[in-house]
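Asks: Given only the sequences and the hints, what does the whole structure look like? Please build it.
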Amino acid sequence: MSSEGILRTFRNGEAIPVRDVPEIALHAFLQGAVDLTGQGWRIASYFGVPDREGVALWCILAGSQGRLGALRSWVERQLPSITSSCPEAHLFEREIAEQCGLTLEEHPWFKPVRYQRPLRRAHEERGSGAGVQPLPAVGDFYRVEGAEVHEVAVGPVHAGVIEPGHFRFQCHGEVVFHLEIALGYQHRGLEHALAGGPHPATVVQLETVAGDTTIGHATAHAMIMEGLAGTEPPPRGEALRAIALELERLANHCGDLGALAGDVGYLPTMSFCGRIRGDFLNMTAVLCGSRFGRGLLRPGGTYFDCSAGQTADLLKRLEEARRDYSGAVELLWGSPSVMTRFDGAGQVRPEDALALGLVGPAARACGIERDVRRDHPFGFYRISRPPLRTQPGGDVMARAKLRWQESQASLEFIHDRLNSLPEGPVMSACGAAAGERLAVALVEGWRGELCHVAITDAAGRFLRYKVKDPSFHNWSGLAMALRNEQISDFPLCNKSFNLSYCGFDL
Amino acid sequence: MADILIHLVLVILMPPLLFGVINRTKAIFAGRSGPPLLQPYYDLLRLLAKGSVFSRTTTWVFRAGPIVTLAATLVAALLIPLGNHLPPFSFNGDMILFAYLLALGRFFTTAAALDTGSSFEGMGASREVTFSCLAEPVMFIALLTLSRLSGSLSLSGMLTHSSAALWMTSGAALILLVAGLFCILLVENCRIPFDDPNTHLELTMIHEVMVLDHSGPAFGMILYGATLKLFILGAFFLHVALPLRSPDPWLDWLVFCASMLLLSVVIGVVESSMARFRLTRVPQMLLAAGVLSAFAMILVLR
Numbered sequence: 001m002s003s004e005g006i007l008r009t010f011r012n013g014e015a016i017p018v019r020d021v022p023e024i025a026l027h028a029f030l031q032g033a034v035d036l037t038g039q040g041w042r043i044a045s046y047f048g049v050p051d052r053e054g055v056a057l058w059c060i061l062a063g064s065q066g067r068l069g070a071l072r073s074w075v076e077r078q079l080p081s082i083t084s085s086c087p088e089a090h091l092f093e094r095e096i097a098e099q100c101g102l103t104l105e106e107h108p109w110f111k112p113v114r115y116q117r118p119l120r121r122a123h124e125e126r127g128s129g130a131g132v133q134p135l136p137a138v139g140d141f142y143r144v145e146g147a148e149v150h151e152v153a154v155g156p157v158h159a160g161v162i163e164p165g166h167f168r169f170q171c172h173g174e175v176v177f178h179l180e181i182a183l184g185y186q187h188r189g190l191e192h193a194l195a196g197g198p199h200p201a202t203v204v205q206l207e208t209v210a211g212d213t214t215i216g217h218a219t220a221h222a223m224i225m226e227g228l229a230g231t232e233p234p235p236r237g238e239a240l241r242a243i244a245l246e247l248e249r250l251a252n253h254c255g256d257l258g259a260l261a262g263d264v265g266y267l268p269t270m271s272f273c274g275r276i277r278g279d280f281l282n283m284t285a286v287l288c289g290s291r292f293g294r295g296l297l298r299p300g301g302t303y304f305d306c307s308a309g310q311t312a313d314l315l316k317r318l319e320e321a322r323r324d325y326s327g328a329v330e331l332l333w334g335s336p337s338v339m340t341r342f343d344g345a346g347q348v349r350p351e352d353a354l355a356l357g358l359v360g361p362a363a364r365a366c367g368i369e370r371d372v373r374r375d376h377p378f379g380f381y382r383i384s385r386p387p388l389r390t391q392p393g394g395d396v397m398a399r400a401k402l403r404w405q406e407s408q409a410s411l412e413f414i415h416d417r418l419n420s421l422p423e424g425p426v427m428s429a430c431g432a433a434a435g436e437r438l439a440v441a442l443v444e445g446w447r448g449e450l451c452h453v454a455i456t457d458a459a460g461r462f463l464r465y466k467v468k469d470p471s472f473h474n475w476s477g478l479a480m481a482l483r484n485e486q487i488s489d490f491p492l493c494n495k496s497f498n499l500s501y502c503g504f505d506l
Numbered sequence: 001m002a003d004i005l006i007h008l009v010l011v012i013l014m015p016p017l018l019f020g021v022i023n024r025t026k027a028i029f030a031g032r033s034g035p036p037l038l039q040p041y042y043d044l045l046r047l048l049a050k051g052s053v054f055s056r057t058t059t060w061v062f063r064a065g066p067i068v069t070l071a072a073t074l075v076a077a078l079l080i081p082l083g084n085h086l087p088p089f090s091f092n093g094d095m096i097l098f099a100y101l102l103a104l105g106r107f108f109t110t111a112a113a114l115d116t117g118s119s120f121e122g123m124g125a126s127r128e129v130t131f132s133c134l135a136e137p138v139m140f141i142a143l144l145t146l147s148r149l150s151g152s153l154s155l156s157g158m159l160t161h162s163s164a165a166l167w168m169t170s171g172a173a174l175i176l177l178v179a180g181l182f183c184i185l186l187v188e189n190c191r192i193p194f195d196d197p198n199t200h201l202e203l204t205m206i207h208e209v210m211v212l213d214h215s216g217p218a219f220g221m222i223l224y225g226a227t228l229k230l231f232i233l234g235a236f237f238l239h240v241a242l243p244l245r246s247p248d249p250w251l252d253w254l255v256f257c258a259s260m261l262l263l264s265v266v267i268g269v270v271e272s273s274m275a276r277f278r279l280t281r282v283p284q285m286l287l288a289a290g291v292l293s294a295f296a297m298i299l300v301l302r
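Which chain is which? The protein sequence lines are A and B, in order.
Residue numbering for the first sequence is 1 to 506, as defined by this note's numbering.
Residue numbering for the second sequence is 1 to 302, as defined by this note's numbering.
One or more hints might be untrue.
What the hints assert, rightly or not - Which residues of chain B face chain A? A partial, calculated answer using Cβ under 7 Å:
(1) G31
(2) S33
(3) I192
(4) D196
(5) L201
(6) E202
(7) T204
(8) S272
(9) A275
(10) R278
Read the hints as simulated data drawn from the structure, not as lab findings.
Glycine is no exception: its CB is placed at the ideal position from the N, C-alpha and C atoms.
Replies: So, in structure tokens, the structure goes:
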């Protein structure tokens, strides 16, 4: 356990002085990251800050007993890759190389993540055509050679109304050997826009990282700002935040179960869940007027209070939605034709899930006990939280069942919270951000762990604001789930993960 | 003469209504009000008024696909008796022509799909051909069984022969035959549980993916051809499954139309109450349908 000595540990939502994290030699930094991930730590975020003539490297690790750890180093232009001994770093490394204009040494699959220009100061443009923005999905894809192997390219324009992404399958007849996913079509330059903040628009920008995770990202951002200012939101505000986060989870899990039914052509549950998802969204609208929870959370608490009338209304709607939702899901479990489709489709082995660092329902459906609400409790979850659920199997069935179990837990949790809302204000004044601080916030959004990291300069402005959506980990899980799977089951597997394109592309 | 006219009018005008009924049934099961019953007609009119886009990589095969398919299906529709009325054409062995007209339509649909050079359409064509290899024998065994039962070698003879009385004498064979033919009816018309005509997921499609590149009037022809195929295979199926006959010709036409609509409702109910099979299960189901009709034949030959 000696390698933990180089770590500066702290709690979720805490802000620590930047100087408390010593800058260590690159070799020790990389060795430390590899050792620690082998000792129960996990990479929550790993990013570079273009600085001086090189790049400051930051690695945020999540450990046991609610501890987070930070490592810092510095690199000039060549970053040795640790992916071969620590696979969960693979996408982070590619992102660092792309954002900071570095070259990766010995990365097994070194190519752009989002096909974008480097952040701020461009040191060295990678590849040809300096200063020219590369086009998404241009370049080599992994290819399987052989007369009987054929390649199927899907997207970025799809037949349905979904976000753009490019999927390249290497197929042998109907069987998929390999799937490579190329994203970046939705890149909005979010992290670039956040630098130098907090601006008045920062909260709004972070609410739109992924439209369906508005509450999740807003919670993480509020935690960052509160940590930097040393503010604690009042208990009533914390409780309302937790209610909103669970409502978001319910709406999305319900929508996903409906969409899974739709993908196998089972219409009743598809139609019912589609409507009930709207009921859950409307409950968020009862709280704040926006179905997606825009404007509900602000640093310091929540912008809206919940009156006694609203509480009663919510409890009534919750009961109705619970009844309808249970009925729709019973139909799903009751149809053998659906169960045979879900069973065994898109299996991810637990060891692969651990190696890739999957988070959220995708990990819990592989039997991995991983939930930020329990491991690194934040906000109201420090007092009370829904029980952690896992499912064995790692297939579409496990991911579907887990969604229903988590929905039940969330329904119970919201019901209890509404019946015992703490009294008092919902918002406390949030002061200015402290300078030279590192703040980290982990939140269990409905897709899994999302992580915001802010590093402030002497004036308390963001030197770097790093956003990581759970999709960043889990897209690799989808690619693994498709190995040796029928290509016709891809949409079903894809829906069982339901990952965000814009949350990934930022 | 009047019968032939009515036959033609029904064949030309009625098929899209079946799709309307199926969609409405599915909508009601899903708790929606659903599109108007006549929506398929509006869709066809809209498509006919549109322009066409043809990829530069395609040849005449691509353009000929929808036309040949529709023409073949229309000719097949002239061979099938509707209700107790004889079709415009009938001769000994016309069932072979009937089966191969449908096969010709399929051949041109798949050829047009392959002509685009798209990997999706190639995939769809390969699935379609694989499944029809397994579906065709079922059809032929069913035709042989019916031929044996009726002692006739023409479609109209063997189909109008079945009646309530026949169900009393060879009910066991007919039950097996009906089960096999219902599978064929669903698979040939790309219905759930074999295919999903409403899906937007390219990778799961069988028939729909083959026509992704068609647009405008050509796509209208494909859509119309699909409804027509459902109409004629539905009429075929009803002769065996529900041989309701009436001596009064006008009443008989009414009974026929009503039973076609009933069949559409049944298809809608099936689609609403089960999910699609995994693609690897479809051949197994078709083999099962083949075994069922083979047993029917054994029972008849006994």
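Asks: Output the numbers, in ascending order, of every earlier hint that fails for this structure.
Replies: 2
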